[in-house]
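Undergrad: Since the structure of chain A is already known, use the hints to place chain B on it.
Those protein sequence lines, which keep their order, are chains A and B.
Counting in this note's numbering, the first sequence runs from 56 upward without gaps.
Counting in this note's numbering, the second sequence runs from 809 upward without gaps.
Hints should not be assumed to be uniformly reliable.
What the hints assert, rightly or not - Here are the simulated lysine-lysine pairs, DSS-like style, with alpha carbons at most 30 Å apart:
| hint | chain 1 | residue 1 | chain 2 | residue 2 |
| --- | --- | --- | --- | --- |
| 1 | A | K300 | B | K854 |
| 2 | B | K919 | A | K300 |
| 3 | B | K1082 | A | K300 |
| 4 | A | K487 | B | K854 |
| 5 | A | K487 | A | K598 |
What the hints assert, rightly or not - Some chain B residues judged to face chain A by a derived CB distance under 8 Å, without partners named:
| hint | residue |
| --- | --- |
| 6 | L829 |
| 7 | P881 |
| 8 | I882 |
| 9 | V965 |
| 10 | H983 |
| 11 | S1043 |
To be verified - Anything over 12 Å on all C-beta distances counts as not near chain B; from chain A, calculated:
| hint | residue |
| --- | --- |
| 12 | W86 |
| 13 | T254 |
| 14 | F314 |
In case anyone wonders, no lab produced these hints; they're calculated from the structure.
From a predicted model like this one, the values you see are computed outputs, not experimental measurements.
Backbone N, C-alpha and C define an ideal beta-carbon position, used for all residues, glycine too.
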Amino acid sequence: MVSDATEIDIKTAGEFARENYLSVHHGVGSWLLTKDHKRIGLLYLFTILIFFLIASIAAALMRIELVTPQPKLVTSETYNKLFTIHGVLMVWFFLIPSIPTVLGNFVLPMMIGARDVAFPKLNLMSWYIFVAGGALALWSLVHGGVDTGWTFYTPYSTTYANTHVISMAAGVFVAGFSTIITGMNFMVTTHKMRAPGLTWFRLPLFVWSLYATSLIMVLATPVLAITLALISVERFWGVGIFDPKLGGDPVLFQHLFWFYSHPAVYIMILPGMGVISELITCFSRKPIYGYVWVGSASMAIAVLGFLVWGHHMFVSSQSVYAGMVFSILSFLVAVPSGIKVFNWTATLRKGSIHFATPMLYALGFIGLFTIGGLTGLFLAALAVDVHVHDTYFVIAHFHYIMVGGMVMAFMGGLHYWWPKISGRLYPELAGKLAATITFIGFNLTFFPQFILGYLGQPRRYHVYPPEFQIYHVLSTAGASILGVGYLMPLIYFIWAWKHGRVAGPNPWRATGLEWQTPSPPPEHNFEQTPVVTGPPYSYSAEKDVDLDLASI
Amino acid sequence: MDQFRLFPPQASTTSHEVDALFFALTLISLFFMAVIFLPIIFFSVKYRRGSPADRSNPRSGSFLIESGWTIGPIFLSLGLFAWGAVAYFRIERRPENAIDVEVVGRQWMWKLQHAEGKREINELHVPLNSTVAMTMTSQDVIHSFFIPAFRVKQDVVPGKYTGEWFKPTRTGEYHIFCAQYCGTQHSRMIGRVVVMEPAAYERWLKSGEPTESIVQTGERLFRDRGCSGCHAPNSQFHAPLLQGLYRNPVPLANGTMVTADDQYLRDSILQPGKQITAGYQNIMPSFAGHLSEEEIMQLIAYLKYIGNQPPPSQE
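Next up, chain A with everything else stripped away, as it sits in the complex:
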């Protein structure tokens, strides 16, 4: 991106900006009352990491338990609570907020040359609402947990489950408002706060993807809130909505739930796709191939994503004809995802490819997301879905998208913007190692689950027939490796916060506006508002130079 601010940067190259958003205020109060989008992004980072940690421990306990076909470690009741807590926390308290609230909050205003988001106070409020929702979820966990699965299917959740369903549902309900506020804030920010000259088609693709995500957040989340409220109404007052014994319809719940939860899948993956567009262009030194197509694909996914919820219900007793409509639309929603992958691949051609840590995560993302997407075709194909529905095949598929896709993108983005956030570089060799270990561990964990699923292993099984054991053992071995891949960045990021090499304003020589201000950025981001005069990604592979990333 060409900008008048370029001259300012050169002065501060290679320096740690002493006057920055971290140094201007001190003390706990300055964090808890901050209206700075960058500090709020870090508050979110800290918060979601706690949830990620708890949910990962739940996953680890399950994987250890599943090494043997018969129970060894926990009771069935505990096992059911473990997968519920894993699902609820990972989906609503890690994946959905992850990229938007951490990376989005931190870089969106800077990417569009703004001082902050449109509503800084609402931004802080949304974090408090998120924490309140999370506290309710943790309260339910501490007081005995919930055993409904993250899907809260009725009438089990409304009538039969004997656990803390209402408080857990309330936690998710409350956190939903934080999502809605963040989405609205981002939309208004993108509309109203762009720097002079920054037209819609000059926006970085990460901004497009955040915009598409925000649209879904604002439109879909209220349906989740309604659904969870109806569960509580039926459970607490016995009003018949979903339980047939009270005159309700249990399948109605599934329609409402997936009307939100399928678009929510795109809340989880779209921002990841945006990050990947930033990484691929920067580290191959090329403008993105097919800018308009990649940006439009985000919007197409956001719209089509609302029309495919019934593919979660092919064996639910929904009508055969409804199944057919949902199947065809599900196949069609794969097309824009395919467009993105093809364009990323084409971007590499004639590039000057740097295999820095963020790029390794991005390439890993493309590999895993492609496998996740292609196995989605199996699930969209009606007759095959009948067999693999509710088996480990589905588990493997959505982990390839959510973990292989979204978490890889989150890690890639975190590494990419870390020098901007902290002003320092992490050790590059350790970063590359962690990215590789994560990729290997992930595949070993989840690829065997495709086979397991086609063999017929149902999901949410505490005990299983002995012939499935070999695949469970492989999966658990993979999970141990994956755990190492996640712990490493945690350790070296903490270390690099104080001891990492000073990054300077633009260690990647990237073109985005966020790189045209010192690292860490000043409180108000830019000394003077940048003016944009050209398209994004004005990289040149021909005139490329080596990045000096040698670590300490």
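TA: Chain B only, in chain A's frame:
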């Protein structure tokens, strides 16, 4: 069943059909993986930083190429959709002349009854090469009746009848799993299908205590629970006659028509006020809570039986 496997046994007609589509999808996936991963690897090597490759005149898009990789996958998707949909339609459609089995799921067991009256728990004996069609419901939460070797699965929903059918093509024992999470002992809600030679199946069916058939049980219930007091041809109460009813259209008091299928009969027993037949009063009491799911199924079996008889002439 303890050996190392990559692939589940193929033991029904449906399993071959589903596997064919599965293999096609696998091939297509491998094709796309090659189309995406090979160029990535190639570009990564050729255009790595510092390599001497020619980087002049990079392109940043081409309408033709973009349209190609948009439209190509759309057509491929439509083809795959059609294949999956045709097979799905066959899986979902209940065939005629099948062996009937009634299934009631509950936390955490399967209760099954054959038309001849034989009952089983968590086990289903069926003859080779015959079509078996199950009518299923749940008395508590949603379950799902899954037989991996047959590639069939269907949710079993309270308050509703769902169906599932298969035609076994190999003798042997195969898993039955509950696939829909149903509470604490979900993973213990398992059983087995035993596919037998037809002669062995006949012997098995006649073994043990002699039982009355489902229709006979239904007829007994129809008398004992007082249904016949109103719905018999010689009754003095003004109630619809049930002979010749099954699968025929019924005019309702609100002017609409409904087909008298299993679900209609079930609703009429449990919620008599829901759909009033034209020309009748809403005087029938609800039997909700007075009949078990099995008894309702037995009554319906009897109603089907008399429903296929010609209706008696009205007085």
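Undergrad: For every hint, state whether the structure bears it out.
TA: Verification of the hints:
no., hint, result
1, A:K300 with B:K854, "66 Å, violated"
2, B:K919 with A:K300, "20 Å, holds"
3, B:K1082 with A:K300, "15 Å, holds"
4, A:K487 with B:K854, "21 Å, holds"
5, A:K487 with A:K598, "25 Å, holds"
6, L829, "6 Å, holds"
7, P881, "5 Å, holds"
8, I882, "6 Å, holds"
9, V965, "5 Å, holds"
10, H983, "6 Å, holds"
11, S1043, "29 Å, violated"
12, W86, "40 Å, holds"
13, T254, "17 Å, holds"
14, F314, "18 Å, holds"
The structure fails hints 1, 11 (numbered hints given earlier, in ascending order).
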